[in-house]
Amino acid sequence: MPNFTLDHVIIAVRDLDAASADYEALLGREPSWRGSHPQYGTKNRLFRIENTYVELLALADDEKKRGRWSGPLKNFLEEGEGLYGLALGTKSIDAAVRELRDTGLPVQDPAPGEGLDWMTGARRTWRNAAVVGKESRGVRLLFIEHGWGTSTLPMAEPNAAEGACVTRMDHAVVLSPDMEASRKLWGTQIGARLALDRTFPERDRRILFFRLGDITVEISGGAEQTEEGLGKPDRLWGLAWGVGDLRATVERLRAAGVDVSDARPGIKPGTLVATVKGEHTHGVPTLLIEHTPESFRAESRAPQGRAYDNSAPRRAFAALGLDHVSVVTEDAAAAAETWRATLGLAPGDAAEPPGVAVRLVDVPAGNAFVQIAQALSPDHRVARWVAERGPGMYGIAIEVDDIDAAVRDLRGKGIYVSDPEYGVIPGTRVARIAREAANGVQVELVQRLPEVL
Amino acid sequence: MIKRVHHVGVVVRDMEQAMRFWRDTLGLHVHKLETIEEQGVKAALLTLGDSEIELLEPVVTDNGVARYLESKGEGLHHICFEVDDVERDLGALRQKQVELIDQVTRIGLAGRICFLHPRAMGGALVELCQPLDEPSEEPAHA
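Residue numbers (the numbering used here), protein chains in the order written: chain A, 1 to 453; chain B, 454 to 595.
Hints listed in this document are in silico derivations from the structure and should not be mistaken for laboratory results. Don't be surprised by glycine CBs; every beta carbon is placed ideally from N, CA and C. Hints should not be assumed to be uniformly reliable.
[Stated by the list, open to error] If you want the ones that stay clear, here's a sample from chain A, every Cβ over 12 angstroms from chain B, calculated:
id, residue
1, E114
2, M155
3, E162
4, D245
5, P265
6, E279
[Claimed, not checked] BS3-like, lysine-lysine: derived pairs with alpha carbons at most 30 angstroms apart:
id, chain 1, residue 1, chain 2, residue 2
7, B, K485, A, K413
8, A, K413, B, K456
9, A, K91, A, K134
10, B, K525, B, K485
11, B, K485, B, K549
12, A, K413, B, K495
13, A, K277, A, K91
14, B, K495, B, K485
15, B, K495, B, K525
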């Protein structure tokens, strides 16, 4: 199966000029292309960013010129604006179509297309093929090979300061009432790499992450498959955009009159996120995300980066990496200063999570962090430890891919493990292994829950 | 300049018994297992993502690891950070009059290393290491 990229995303809009102005503000970029599709009866604005481009698509002004694409677009727009379709890029459309058909996915014959930029006179050509009828489960899917020898699409020039504009697409979200059918479409037929299949009973969510290049297609559905959901179509829902400096971006957007939430820590460690609200997104639920430079975990360490193939034999769980090392102290502030002054590491702010009598300071150290812990009550296990053994090294936290499976597996081997519970670090679930089983080391298992739009 | 947590060291009484937990139960891959006579330890390195667990069993009675085991029992012993230039960092620590175990760097399992004194770090034993450019087959003898 060809390695498809997410070539572009298509947003259907009613008033192209108004939508373009809004996306110029949202992305902090000027359009790369102001064009029309003579044979389709549509017109568009394109914004190329690092890893894909976004297309705002509207009906041509002259109804007589409306061609083969205009009917479905008109019907869609009668329901409202929003995400209209995804175009998956390939180097060879002919081979792609053959292979897709071999998987049973009905795809049209590749057809040539062309776009003209009315401002520059540039012409771009491509060959594309759409999935026929309902077989793409309600999400318009197009496969596209861009033409050689014609203009390439230039980058959308920033109209805002560096850091305050969108640089890349992070993920696209598809809501699915029939997860197995979606999984078959994206995994088996399109052949996208499944990077995560995880169920969160407490949030009533099951999430599949499929990778197209460095962009994730997140398929999101209920934790349990419902009878009435079977066979129902998916809905292409929202987008998450990557920015260099989220706070600067939020400030810039507010100055431009865009309704955007405060920046807040994302569920995924090392990320900041903000939600764009209101009409400026033209019906597309929108999240902005910054992977912060002080992120103490390389992208590759994130749980969704650890691909696994469910068809391959595997252990009940996988230990993914060292999450953090705990040291205990009687004075967290003084200890944090020691780590800074002696080793040049930059401690974070002290935190006192509600419900636990402990003060914590995280000290990022590249691939993991040191957690300084100070008990605030003499009964806390950290206080008892310090009383018995003095301050110093305490324990480690190991990140696992599936904490429930890990706990079950360890218990099956006769090891005492606490029930998984939500950790004091947001977006984590943790369980502690009895120290006697781990050569005297306080071992905590931790699972990082992925960001959910 | 600290780059990452290179490994954490765990002192164990019996390597075979320890392997049953770290290797067999947690599923960590053992990529090195050897006895370093000079240091009086049997050491195992197990891969944990982009870091490692180092299990240390003393094979003599008169080194730091043996004394730790004697006084505190099994447990988490040290944390080792990888640095760009261990000579330079050790020099900076000396200049700051940080209390040290090693006044000069030496070759250990993780490359060129030095240990700070736990008193310097609030009781935590910290090792700095600079992996060797060409990993020696027998770092203990280099």
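Hint check:
Consistency note on E114 of chain A: stated as away from chain B, and its beta-carbon is indeed over 12 angstroms from all of that chain's, at 48 angstroms minimum. The claim that M155 of chain A lies off the interface holds: its Cβ sits roughly 33 angstroms from the closest Cβ of chain B, which is beyond the 12 angstroms cut-off. For E162 of chain A, the shortest C-beta to C-beta distance to chain B comes to about 26 angstroms, beyond the 12 angstroms cut-off, and the non-interface label holds. Consistency note on D245 of chain A: stated as away from chain B, and its beta-carbon is indeed over 12 angstroms from all of that chain's, at 24 angstroms minimum.
Consistency note on P265 of chain A: stated as away from chain B, and its beta-carbon is indeed over 12 angstroms from all of that chain's, at 22 angstroms minimum. Against chain B, the non-interface label of E279 of chain A holds: every CB pair exceeds 12 angstroms, the least being about 44 angstroms. For the hint linking K485 of chain B to K413 of chain A, the alpha-carbon distance of about 25 angstroms falls within 30 angstroms, and the restraint holds. Only pairs whose Cα atoms come within 30 angstroms are accepted, and K413 of chain A paired with K456 of chain B is rejected, the gap being roughly 36 angstroms.
The suggested pairing of K91 of chain A with K134 of chain A holds, with an alpha-carbon distance near 25 angstroms, which does not exceed 30 angstroms. Of the pairs offered as hints, the one joining K525 of chain B and K485 of chain B holds, with about 26 angstroms between alpha carbons and a cut-off of 30 angstroms not exceeded. Restraint check for K485 of chain B and K549 of chain B: the C-alpha separation of about 35 angstroms exceeds 30 angstroms, so the hint is violated. At roughly 26 angstroms between alpha-carbon atoms, K413 of chain A and K495 of chain B fall within 30 angstroms of each other, so this suggested pair holds.
This hinted pair does not check out: K277 of chain A and K91 of chain A have alpha carbons roughly 37 angstroms apart, beyond 30 angstroms. With a C-alpha separation of about 11 angstroms, the suggested pair K495 of chain B and K485 of chain B falls inside the 30 angstroms cut-off, and the hint holds. Our distance criterion of 30 angstroms between C-alpha atoms is met by K495 of chain B and K525 of chain B, whose separation comes to about 19 angstroms.
Checked against the numbered hints above, the structure violates hints 8, 11, 13; every other hint is satisfied.
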